[in-house]
Amino acid sequence: MNSLKDLRRVVNHASLGRFRFYVQLFSFVLLIYGGYLAINVGNQLPTFACLYSDLHGGACYLLGFQHQMATPWSQLFGGRGLAILIGLATFVAFFVVFNKAWCGFICPLGTLQDWLSSLRRKLNIRAAGYSEPVFQRLSKIKYVLLALLILIPMAIGNSFFGLPKLGHDWGVPFCMICPGRTILPLFTGDFSQLAIDFSSLAKLTLTALGLAITGLLIIGSLFKPRFFCLFCPMSALHYIFSRTGLLRLTKNGAKCTRCGNCFRACDMGIRAIADDLESKNIVKDDCMMCGKCIEVCPEDGCLQAKVLSLPVYESTAEGFFKRMNRKNNG
Amino acid sequence: MNRPVLLFASLLALLLLPGVAKSAVAGELDHLRLTLAPPATATTEAEAGDEEECLEGHADHGGGRGGREVQLESEHRPVPRRTYHLNHYRRGAEVNAYVRRPDGAVIEPELILGASPRVSFSTPPGDGPTHGAHNVYVVERGVEDEVLQVRVAKWITMHHSCRWGHNGKFDPELTNPQSLDTIPFEIVVDDLWNRNFHAAVTSGDNLRITVLSYGEPVAGAEVTLTSEQGWRKTVTSDEQGVAHIQLVRDYYPSLWQDFRRSHRGPFEVSARWQADKSGQFRGQAYSMVSYRATHPWVYSPPVREYSSYGYGLLLAAAMMVVGGAGVYLHRERRRRPYRGIVFDE
Ligand code: SF4
Ligand code: SF4
Ligand code: SF4
Numbered sequence: 001m002n003s004l005k006d007l008r009r010v011v012n013h014a015s016l017g018r019f020r021f022y023v024q025l026f027s028f029v030l031l032i033y034g035g036y037l038a039i040n041v042g043n044q045l046p047t048f049a050c051l052y053s054d055l056h057g058g059a060c061y062l063l064g065f066q067h068q069m070a071t072p073w074s075q076l077f078g079g080r081g082l083a084i085l086i087g088l089a090t091f092v093a094f095f096v097v098f099n100k101a102w103c104g105f106i107c108p109l110g111t112l113q114d115w116l117s118s119l120r121r122k123l124n125i126r127a128a129g130y131s132e133p134v135f136q137r138l139s140k141i142k143y144v145l146l147a148l149l150i151l152i153p154m155a156i157g158n159s160f161f162g163l164p165k166l167g168h169d170w171g172v173p174f175c176m177i178c179p180g181r182t183i184l185p186l187f188t189g190d191f192s193q194l195a196i197d198f199s200s201l202a203k204l205t206l207t208a209l210g211l212a213i214t215g216l217l218i219i220g221s222l223f224k225p226r227f228f229c230l231f232c233p234m235s236a237l238h239y240i241f242s243r244t245g246l247l248r249l250t251k252n253g254a255k256c257t258r259c260g261n262c263f264r265a266c267d268m269g270i271r272a273i274a275d276d277l278e279s280k281n282i283v284k285d286d287c288m289m290c291g292k293c294i295e296v297c298p299e300d301g302c303l304q305a306k307v308l309s310l311p312v313y314e315s316t317a318e319g320f321f322k323r324m325n326r327k328n329n330g
Numbered sequence: 001m002n003r004p005v006l007l008f009a010s011l012l013a014l015l016l017l018p019g020v021a022k023s024a025v026a027g028e029l030d031h032l033r034l035t036l037a038p039p040a041t042a043t044t045e046a047e048a049g050d051e052e053e054c055l056e057g058h059a060d061h062g063g064g065r066g067g068r069e070v071q072l073e074s075e076h077r078p079v080p081r082r083t084y085h086l087n088h089y090r091r092g093a094e095v096n097a098y099v100r101r102p103d104g105a106v107i108e109p110e111l112i113l114g115a116s117p118r119v120s121f122s123t124p125p126g127d128g129p130t131h132g133a134h135n136v137y138v139v140e141r142g143v144e145d146e147v148l149q150v151r152v153a154k155w156i157t158m159h160h161s162c163r164w165g166h167n168g169k170f171d172p173e174l175t176n177p178q179s180l181d182t183i184p185f186e187i188v189v190d191d192l193w194n195r196n197f198h199a200a201v202t203s204g205d206n207l208r209i210t211v212l213s214y215g216e217p218v219a220g221a222e223v224t225l226t227s228e229q230g231w232r233k234t235v236t237s238d239e240q241g242v243a244h245i246q247l248v249r250d251y252y253p254s255l256w257q258d259f260r261r262s263h264r265g266p267f268e269v270s271a272r273w274q275a276d277k278s279g280q281f282r283g284q285a286y287s288m289v290s291y292r293a294t295h296p297w298v299y300s301p302p303v304r305e306y307s308s309y310g311y312g313l314l315l316a317a318a319m320m321v322v323g324g325a326g327v328y329l330h331r332e333r334r335r336r337p338y339r340g341i342v343f344d345e
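Protein sequence lines, in the order shown, are assigned to chains A and B. This note's numbering puts the first residue of the first sequence at 1, with every later residue one more than the last. This note's numbering puts the first residue of the second sequence at 1, with every later residue one more than the last.
Be careful, since some hints might not be right.
Said to hold, decoys possible - What follows is a list of derived Cβ distance ranges for each label pair:
| # | chain 1 | residue 1 | chain 2 | residue 2 | range |
| --- | --- | --- | --- | --- | --- |
| 1 | B | H198 | A | G81 | 58 to 64 angstroms |
| 2 | B | S262 | A | P72 | 18 to 24 angstroms |
| 3 | B | V79 | A | L246 | 26 to 32 angstroms |
| 4 | A | E318 | B | P125 | 39 to 45 angstroms |
| 5 | B | S262 | A | G78 | 35 to 41 angstroms |
| 6 | A | L148 | B | D190 | 54 to 60 angstroms |
| 7 | B | G114 | A | F191 | 49 to 55 angstroms |
| 8 | B | V79 | A | A128 | 32 to 38 angstroms |
| 9 | A | R258 | B | S161 | 50 to 56 angstroms |
| 10 | A | A83 | B | P302 | 32 to 38 angstroms |
| 11 | A | L246 | B | T182 | 37 to 43 angstroms |
As the list claims (entries may be wrong) - To give an idea of the chain B side of the interface with chain A (calculated C-beta under 7 angstroms), a few residues:
| # | residue |
| --- | --- |
| 12 | Y98 |
| 13 | W164 |
| 14 | G204 |
| 15 | Q240 |
| 16 | R261 |
| 17 | S300 |
| 18 | P302 |
| 19 | Y309 |
| 20 | G312 |
| 21 | L315 |
To be verified - Sample of chain B residues at the chain A side, in silico, Cβ under 7 angstroms:
| # | residue |
| --- | --- |
| 22 | V248 |
| 23 | Y251 |
| 24 | Y328 |
Bear in mind the hints are in silico, worked out from the structure with no lab data behind them. Think of the CB as a built atom: it goes at the ideal place given N, C-alpha and C, for glycine as much as any other residue.
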């Protein structure tokens, strides 16, 4: 029994940030270069294992999902409808295991933004944040993008209100504007996605938008941590299934002193992590389950990462001071 | 020459011409071709003579891939059974068909001769021994005028769906073109597909074509490339059996709005070669062997025709500059000390 307690103490004193860095590095290599070793972690992954990157070691769900959304409604009740359900079930099965930690620990585009943030710190550029009303407004954009990545492909396979169907060049519209498509292949020496496609108005619009967003992501991440994640439709899709996740982030409001440490540490800028004293499950729609808030919370057992109801990492005063000391002493 | 003599000469010419044409055809047989759709008039050799002359160099010829309406196969829509049609065959000749599967196994497909000659074989879906390129061959052999006529039609079926994954992308057995050393005359073209099993030829590509006979390189074979619009170029294979032909741009929509980046145009590589070999085939003596082979494929417009890196990078850079400047100015404005209203004389 004592040994279990000791193990918990060691874990709670550990630097989750360092662990996260190595997991991110490993996941990045696996998802960007894994294909070279014939590794395929899985299809329908709830993360940006971009299929445009030729050596990808897994497949991002959004590309196939957008293809499937272009299915004519008349075929939805046949094999293709079943394929859509199987695809969604596979996505959920992957997602359930790590919940939104797919974003905090695995997503290559998220990792890249974290590396740009490290560069920002090295360049001594102050981090930017949004005011709460702006944050609330911007955080809706990901749902709009999610709706569009469903509706636009639907309008390719089906006619809405008697209007003509959209051309196939509007297919996979989110992929066309996704910075994952333009940036991740660069790591395998493939620069082909950095071009604007003039073959049709649809392609021109989407690829130009894609490159504009890429430029914004790079500069934005040099000021605002996880700049793109606030707008990411994958994050919106995650949130729909977040309650089913085995990994959870919980808060005991009674122990919270509202010191605000967690909010200040949160790269996503989620104010509710400090302000919300009611919710037990504190995974908000923008949360990436990075665990930074747990690391900086000085109250015993106030914030906890749990697998089902089993705490695996929790805030402790002792752990907090240990980490702060380590940080201050380099 | 007086009029009755002229009339007589014309009548004689009209009567003799079909015979002349026919004998020319007998000496110079047309290629054997596999197509997706049944040819406009699928015929046996008895009727084929007229059809050949019509199809040769026809604007809608489509490199010999089908009748007037060229049908193309998509490697993105796998079907569990494949059927390819033969443009014709000669009665009395020996006709065999083979399929080399991606796993190297050679099977004999169902070969149906008759009014609508065709081959058919199953391609079970999913990642497994049939995931990848199938080489389909129809080999026809027969002696005519003491010449052993060997005609080979080749077709490559890319049996693939991205849903099955791309596990074979680093397996050279799957990504490189394969040949069969039991085929008397074969054309092998490099880089027809990329390692994701997607057709990869674009106009402007310099095709590397190898001509083989029973797996051995053939020097001095005449290799011809016929493009979608009927443009042709003929070169001769070198000592290694290799010939290079650059595929011209052959897709010119009159308006840019009509341009389709996904356009797939058919082209055909064909080869012919004669060898001074003598022998007997099915009891008939021959003093020469004439080989002919065809290999159709498709091309797309090259990416550089419709995309620009320059504008792309400029746009991304402009967004970075504008974004960076915006944040900088915003911060500067907020840093400026409050000056209030001061008296100024
Ligand atoms: S472009 Fe983006 S959304 Fe599409 S497959 Fe790549 S990472 Fe996923
Ligand atoms: S929210 Fe960020 S980390 Fe999550 S999938 Fe999107 S880009 Fe990746
Ligand atoms: S709330 Fe906590 S776990 Fe979620 S993103 Fe913010 S710091 Fe990370």
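Against the structure, the hints:
{"no.": "1", "hint": "H198(B) / G81(A): 58 to 64 angstroms", "in the structure": "27 angstroms, violated"}
{"no.": "2", "hint": "S262(B) / P72(A): 18 to 24 angstroms", "in the structure": "19 angstroms, holds"}
{"no.": "3", "hint": "V79(B) / L246(A): 26 to 32 angstroms", "in the structure": "40 angstroms, violated"}
{"no.": "4", "hint": "E318(A) / P125(B): 39 to 45 angstroms", "in the structure": "58 angstroms, violated"}
{"no.": "5", "hint": "S262(B) / G78(A): 35 to 41 angstroms", "in the structure": "26 angstroms, violated"}
{"no.": "6", "hint": "L148(A) / D190(B): 54 to 60 angstroms", "in the structure": "42 angstroms, violated"}
{"no.": "7", "hint": "G114(B) / F191(A): 49 to 55 angstroms", "in the structure": "54 angstroms, holds"}
{"no.": "8", "hint": "V79(B) / A128(A): 32 to 38 angstroms", "in the structure": "54 angstroms, violated"}
{"no.": "9", "hint": "R258(A) / S161(B): 50 to 56 angstroms", "in the structure": "55 angstroms, holds"}
{"no.": "10", "hint": "A83(A) / P302(B): 32 to 38 angstroms", "in the structure": "33 angstroms, holds"}
{"no.": "11", "hint": "L246(A) / T182(B): 37 to 43 angstroms", "in the structure": "56 angstroms, violated"}
{"no.": "12", "hint": "Y98", "in the structure": "30 angstroms, violated"}
{"no.": "13", "hint": "W164", "in the structure": "10 angstroms, violated"}
{"no.": "14", "hint": "G204", "in the structure": "16 angstroms, violated"}
{"no.": "15", "hint": "Q240", "in the structure": "30 angstroms, violated"}
{"no.": "16", "hint": "R261", "in the structure": "4 angstroms, holds"}
{"no.": "17", "hint": "S300", "in the structure": "11 angstroms, violated"}
{"no.": "18", "hint": "P302", "in the structure": "11 angstroms, violated"}
{"no.": "19", "hint": "Y309", "in the structure": "5 angstroms, holds"}
{"no.": "20", "hint": "G312", "in the structure": "4 angstroms, holds"}
{"no.": "21", "hint": "L315", "in the structure": "5 angstroms, holds"}
{"no.": "22", "hint": "V248", "in the structure": "20 angstroms, violated"}
{"no.": "23", "hint": "Y251", "in the structure": "12 angstroms, violated"}
{"no.": "24", "hint": "Y328", "in the structure": "9 angstroms, violated"}
Hint compliance for this structure: hints 1, 3, 4, 5, 6, 8, 11, 12, 13, 14, 15, 17, 18, 22, 23 and 24 are not met, and every other hint is.
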